[in-house]
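Peer 1: Here is how the chains run, residue by residue.
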Amino acid sequence: MMKRKILTVLVAATLFSGAGIAAAQTAAAGKASDDVVKIGVLSDMSGVYADYGGPGAVTAAKMAIEDFGGKMFGKAIEIVSADHQNKADVAKNVTQQWFDRDKVDATFENLNSAVALAVQGLGKEKNKITVITGAASSRITNEDCSPNTGIHYLMDTIALGNVVGKAIVKDGGDSWFFLTADYAFGHSLEKDTGEVVKAAGGKVLGAVRHPLSTSDFSSFLLQAQASKAKIVGLANAGGDTVNSIKAASEFGLTKNQNLAALLMLITDVHAVGLNTAQGLYLTEGWYWDMNPETRAWAKRYEERMKKKPNSNHAAVYSSVLHYLNAVKAAGTDDTAAVLKKMKETPINDMFAKGGKIREDGRMVHDMYLFQVKKPAESKAPWDYYTLKGTVKGEDAFLPLAQSRCPALKK
Amino acid sequence: MTEIFGVPTQALMGQLMIGLVNGSFYAMLSLGLAVIFGMLNVVNFAHGAFYMMGAFFSWMLLNYFGVNYWWSLLLAPVGVALVGIVIEKTMLRWLYQLDHLYGLLLTFGIALIIEGIFRDQYGVSGQPYDLPEIFKGAFDLGFMMLPKYRAWVVVACLSVCLATWFVIERTRLGSYLRAGTENPKLAQAFGINVPLMVTLTYAFGVGLAGLAGVLAAPVYQVSPLMGSNIIIVVFAVVVIGGMGSILGAILTGLALGLIEGLTKVFYPEASATVVFVIMAIVLLIRPAGLFGREK
Chain A
1 MMKRKILTVL VAATLFSGAG IAAAQTAAAG KASDDVVKIG VLSDMSGVYA DYGGPGAVTA
61 AKMAIEDFGG KMFGKAIEIV SADHQNKADV AKNVTQQWFD RDKVDATFEN LNSAVALAVQ
121 GLGKEKNKIT VITGAASSRI TNEDCSPNTG IHYLMDTIAL GNVVGKAIVK DGGDSWFFLT
181 ADYAFGHSLE KDTGEVVKAA GGKVLGAVRH PLSTSDFSSF LLQAQASKAK IVGLANAGGD
241 TVNSIKAASE FGLTKNQNLA ALLMLITDVH AVGLNTAQGL YLTEGWYWDM NPETRAWAKR
301 YEERMKKKPN SNHAAVYSSV LHYLNAVKAA GTDDTAAVLK KMKETPINDM FAKGGKIRED
361 GRMVHDMYLF QVKKPAESKA PWDYYTLKGT VKGEDAFLPL AQSRCPALKK
Chain B
1 MTEIFGVPTQ ALMGQLMIGL VNGSFYAMLS LGLAVIFGML NVVNFAHGAF YMMGAFFSWM
61 LLNYFGVNYW WSLLLAPVGV ALVGIVIEKT MLRWLYQLDH LYGLLLTFGI ALIIEGIFRD
121 QYGVSGQPYD LPEIFKGAFD LGFMMLPKYR AWVVVACLSV CLATWFVIER TRLGSYLRAG
181 TENPKLAQAF GINVPLMVTL TYAFGVGLAG LAGVLAAPVY QVSPLMGSNI IIVVFAVVVI
241 GGMGSILGAI LTGLALGLIE GLTKVFYPEA SATVVFVIMA IVLLIRPAGL FGREK
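Going down the list, the sequences are from chains A and B.
Following our numbering, the numbering of the first sequence begins with 1 at its first residue and continues without gaps.
Following our numbering, the numbering of the second sequence begins with 1 at its first residue and continues without gaps.
Incorrect hints may have been included.
[Stated by the list, open to error] Derived lysine-lysine pairs resembling DSSO-like cross-links, with alpha carbons at most 30 Å apart: (1) B:LYS148 x A:LYS230; (2) A:LYS374 x B:LYS136; (3) A:LYS230 x B:LYS89; (4) A:LYS255 x B:LYS148; (5) A:LYS379 x B:LYS185; (6) A:LYS255 x B:LYS89.
[Claimed, not checked] Partner residues aside, some chain A positions facing chain B, computed with beta carbon under 10 Å: (7) ASN93; (8) GLN96; (9) GLN97; (10) ASP100; (11) SER218; (12) LYS246; (13) HIS270; (14) GLY273; (15) GLN278; (16) GLY279; (17) ALA407.
Please keep in mind that the hints were generated in silico from the structure rather than gathered at the bench.
Computed from a predicted model, the values in this text were never measured in an experiment.
Ideal Cβ positions, reconstructed from N, Cα and C, are used throughout, including at glycine.
Only chain A is shown next, with the shape it has when bound in the complex (with noise of 0.2 Å):
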């Protein structure tokens, strides 16, 4: 009996790890003419990165299609979304279907770089567009690349590390540890940004890996703090990087050291609250309040959404926008013309200016530096980020000349 009890527990445990079942809410899939154009945005709708990307990322994806006048040749655009559960197989299950059965012509979003390099191979392999805009590792257009298909719209892992890195270390912020998630996205990230600070003359005296979804920091804090470094950097994101900043808030870390979070937006400030998270020093690739255009778009996103945007969800409009506007120009929906389309026209909307989608896919854009708010500044709701410094698209990501993407090795 009571073996039994067991084995039913475990049983039960491995259903909850697991819970969910792919609940892909694609539309019926509509006429099989390839006169009408489709658009696919796949997300993580429900776990730890749904308010980074999620439904957020489809209102916006619509928005788009909505101000783009919702018809291309006649014809309704068609929208169908999907939650990939942050799991590459069933991200990639999805993106086959909507390529092979549904007549998608383009994915939007992929956030999680695991999802975001199997759709993009897949992508590769079936000859579609893929836009990336929620991931961040730099294998998309390197390693990986798929110059033919692929495009890399918000930030990479090599400009977060230079846009923040370099800034701090000239800001005196010299000796660096790193608390590091333990998977691709981290360690991309740890690496890229320690090579920043090396070059820029400081130095990385250590980092602890942590598993993905640690609810408890401390313990790495306390090796973050052993380390006695200026500066410590988090190579995690969502709700690891908030669970991070609280601890070392309570721990009281943030007297001698400072944090730099590599990979932070808006909605993670917002969840922790200006009180824990002010000083902090973060980069974005747009922010709601930079200008008129950028107010007016986040307002109309509010008014559906009931919290502002973040860069991601304005990166997702301005990529679904742009490339309605690349098969306009170009009168068809096939993958070359369309591409060679969307590189040529550079971007100009609330999210970019002057945006350009290079060779090898990596859309290059103007990057942010923010700091947080303290709460007696803030005078809004949402009013988080004071600009510290804007970095130039060409200094903020690599050169081409040294992008390691062996489709361009001539």
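Go by the hints and put chain B onto chain A.
Peer 2: Below, chain B alone, put in the same frame as chain A:
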């Protein structure tokens, strides 16, 4: 400075202290599970959801009604317990005669529903809950800075655990409870209201989870996912300690917190796995758990 396997003793002491803090969380959560399992024979998979609910209730009390932390400590667990009573009265009680699997599936479903509702309402990033003013700052222990709040958590958890153990094992009420579990018919013949006992036990068990949630609110992010992050470890604790064993749950909770803390020093990458390795070994050697009795 002296070192043990290349790790300064000072750092080691700090990690052990933190292990104790986490261990007391584990102890309190697994205690609730053990009580429910011991008395009701229900594997309560909704425990993590109740823990999350406790944290959210205290956040709501603060943000919607301006109720402070101390009142939350009392009100939020009561709120959670009330939800527990409704669930026990309307759903769970029909399943006692059936195999454990049914109770497990029901509570698992309830957990997913509760989590889904909160996720829909509040998103996944969670909400901040500030530390109460009195707990800001830290004690300097020489080898580490111990935040005052963490110290309070250890004290609170251990006192609640001991009180629960005392009530169940040493008082008249506890003896009724144990009699009701051992032989419900006979106990009823002696005039004990067994169904009421059962309902109250369930309410108390989930109330403990709610209380742990309130204690966790200021240190962790109040997020719909916080329950499912911790529940698997807590189940492992209960299995290692011996299902239904109250003392086992408390001691194992503390011990595993310490072991996990040590792993974070020597091989941090394994800190999420070590608990399950121990569980596998314990099950191989003592299938009923360290403190469990073979039936």
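Peer 1: Decide, hint by hint, whether the structure agrees.
Peer 2: Checked hints:
Taking the CA atoms of B:LYS148 and A:LYS230, the gap is near 25 Å; set against the 30 Å cutoff, the hint holds. A hinted pair counts as satisfied when its Cα atoms are at most 30 Å apart, and A:LYS374 with B:LYS136 qualifies at roughly 18 Å. For the given pair, A:LYS230 sits about 57 Å from B:LYS89 by alpha-carbon distance, which is inconsistent with the 30 Å threshold. Between A:LYS255 and B:LYS148 the CA atoms are separated by roughly 16 Å; this keeps the pair inside 30 Å, and the hint holds.
About 65 Å separates the Cα atoms of A:LYS379 and B:LYS185, which puts this hinted pair outside 30 Å; it is violated. At roughly 51 Å between alpha-carbon atoms, A:LYS255 and B:LYS89 are farther apart than 30 Å, so this suggested pair is violated. The beta carbon of A:ASN93 comes no nearer than 22 Å to any beta carbon in chain B, farther than 10 Å, and the hint placing it at the interface is violated. Given the 10 Å rule on beta carbons, the hint for A:GLN96 is violated: about 27 Å separates it from the nearest Cβ of chain B.
With a least beta-carbon distance of about 25 Å to chain B, the hint placing A:GLN97 at the interface is violated under the 10 Å criterion. The closest approach between the C-beta of A:ASP100 and any C-beta of chain B is roughly 31 Å, which is over the 10 Å cut-off, so the hint fails. Proximity of A:SER218 to chain B holds as hinted, the smallest CB-CB distance being about 5 Å (cut-off 10 Å). A hinted interface residue such as A:LYS246 counts as satisfied when its beta carbon comes closer than 10 Å to some beta carbon of chain B; here the least separation is about 7 Å, so the hint holds.
Interface hint at A:HIS270: satisfied, since its Cβ lies 7 Å from the closest Cβ of chain B, which is below the 10 Å cut-off. At about 3 Å, the closest approach between the beta carbon of A:GLY273 and any beta carbon in chain B falls short of 10 Å, and the interface hint on this residue holds. Restraint check, A:GLN278 versus chain B: the minimum CB separation of about 12 Å is more than 10 Å; hint violated. Hint status for A:GLY279: violated, given a least beta-carbon distance of 16 Å to chain B, over 10 Å.
For A:ALA407, the interface hint is violated, the least distance from its beta-carbon to any beta-carbon of chain B being 34 Å, above 10 Å.
In this structure, the hints that do not hold are numbers 3, 5, 6, 7, 8, 9, 10, 15, 16, 17, in rising order.
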